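A.B. asks: Sequence:
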Amino acid sequence: MPELPEIETLARQIRPRVCGLVFSQVTMTEPTILKTSAPILKKELPGRKVQTIFRQAKFLVFELSGKLNLWFHLGMTGQLFWAGPEFPRDKHVHAVLEFENSPQGLIFRDIRKFGKIFMSNGRADSWPEGVKPFAKDPLELSRENFIEILRRRAGKIKSLLLNQRVMSGLGNIYADESLFEARVHPRSKPARLSAKRLENLYFSIRKVLELAIQHGGSSIDDYIHADGRRGDFQNHHKVYGREEDPCIDCGARIRRIRLSGRSSFFCPHCQKF
DNA sequence: TTAGCCCTGAGA
DNA sequence: TCTCAGGGCTAA
214 MPELPEIETL
224 ARQIRPRVCG
234 LVFSQVTMTE
244 PTILKTSAPI
254 LKKELPGRKV
264 QTIFRQAKFL
274 VFELSGKLNL
284 WFHLGMTGQL
294 FWAGPEFPRD
304 KHVHAVLEFE
314 NSPQGLIFRD
324 IRKFGKIFMS
334 NGRADSWPEG
344 VKPFAKDPLE
354 LSRENFIEIL
364 RRRAGKIKSL
374 LLNQRVMSGL
384 GNIYADESLF
394 EARVHPRSKP
404 ARLSAKRLEN
414 LYFSIRKVLE
424 LAIQHGGSSI
434 DDYIHADGRR
444 GDFQNHHKVY
454 GREEDPCIDC
464 GARIRRIRLS
474 GRSSFFCPHC
484 QKF
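Residue numbers (our numbering): 214 to 486.
Keep in mind the hints are simulated off the structure, nothing from the lab. One thing to keep in mind: the hints can contain errors.
With a straight-line Cα cutoff of 30 Å, these simulated DSS-like cross-link-like pairs (lysine-lysine) come out [stated by the list, open to error]:
no.: 1; residue 1: Lys326; residue 2: Lys255
no.: 2; residue 1: Lys248; residue 2: Lys349
no.: 3; residue 1: Lys280; residue 2: Lys326
no.: 4; residue 1: Lys349; residue 2: Lys280
no.: 5; residue 1: Lys402; residue 2: Lys345
no.: 6; residue 1: Lys402; residue 2: Lys451
no.: 7; residue 1: Lys451; residue 2: Lys420
no.: 8; residue 1: Lys262; residue 2: Lys326
no.: 9; residue 1: Lys304; residue 2: Lys256
no.: 10; residue 1: Lys280; residue 2: Lys255
All of these numbers come straight from a predicted model, not from anything done at the bench.
Using the sequences plus the hints, can you model the full thing?
C.D. replies: Take a look at the structure:
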């Protein structure tokens, strides 16, 4: 569930706390989370300084001294937060990253274990081995690029928005919210939508993402901030999770359909093909 | 393009 | 005990 706004929020919160710190000790208890061997990570991280932290697609990337980079993907239920030794190490805590001269460290906790930690060498923006590069996100894309990318694809608009090789950053929640904002039906085919409507969708996506970042993301089940607080944007969802509720615009009942194996919430009256 | 898989907790 | 939630990968 952590999508672009949630990862961006985390990056902004973790950056001022962690940049400049030097890793001291690393504890890994769940091998499936780690896409780099635990012994290598335990050996490589201590002594390295965190230089920058940024978001790339739905990944949180730490650029370290000595041309080493640490990539986090939170999957569905992943949490990365700043806590001291008093925080209970329950069975869902899979990694603890500690720093020199700091009583607090970073805890990686993930109930469903869809999250992953990767390591890469060289430039911070070069993708880790074994990860097929993700596409640009809608905040990076120009309006012209956005329209061109969608127009040359077959398939339904919602499925394309969820496909991280088409564009990255959107997940089920923000795809539904953006399509509602643009009044576009999730089963629409982009090739059949006018340039004007695609342009409208482009600006709707950016508006929804930026508003969600301002609200610190959405906390539905597990997503929390680096300090343990929750995001607020779930209170502003207009269609996601609102099946049978009245549309805030026209009063029609919000419907739910299955698309790409995911629930899609939309207003059958407002959202047109 | 779609189905199934990974995974766990919540709710029926 | 069964079903559902879904990010991203793989196989058909």
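A.B. asks: Indicate, hint by hint, whether the structure satisfies it.
C.D. replies: Hint by hint, here is what the structure shows:
1. Lys326 / Lys255: Distance ~20 Å between lysine 326 and lysine 255 Cα, so the pair holds.
2. Lys248 / Lys349: holds (23 Å)
3. Lys280 / Lys326: Measuring from Cα to Cα gives roughly 28 Å; hence the hint holds.
4. Lys349 / Lys280: holds (23 Å)
5. Lys402 / Lys345: holds (26 Å)
6. Lys402 / Lys451: Holds: lysine 402 and lysine 451 sit about 23 Å apart, inside 30 Å.
7. Lys451 / Lys420: holds (14 Å)
8. Lys262 / Lys326: holds (27 Å)
9. Lys304 / Lys256: Holds, because 24 Å separates the two Cα atoms, which is no more than 30 Å.
10. Lys280 / Lys255: holds (16 Å)
Going down the numbered hints, you'll see the structure goes against none, and every one checks out.
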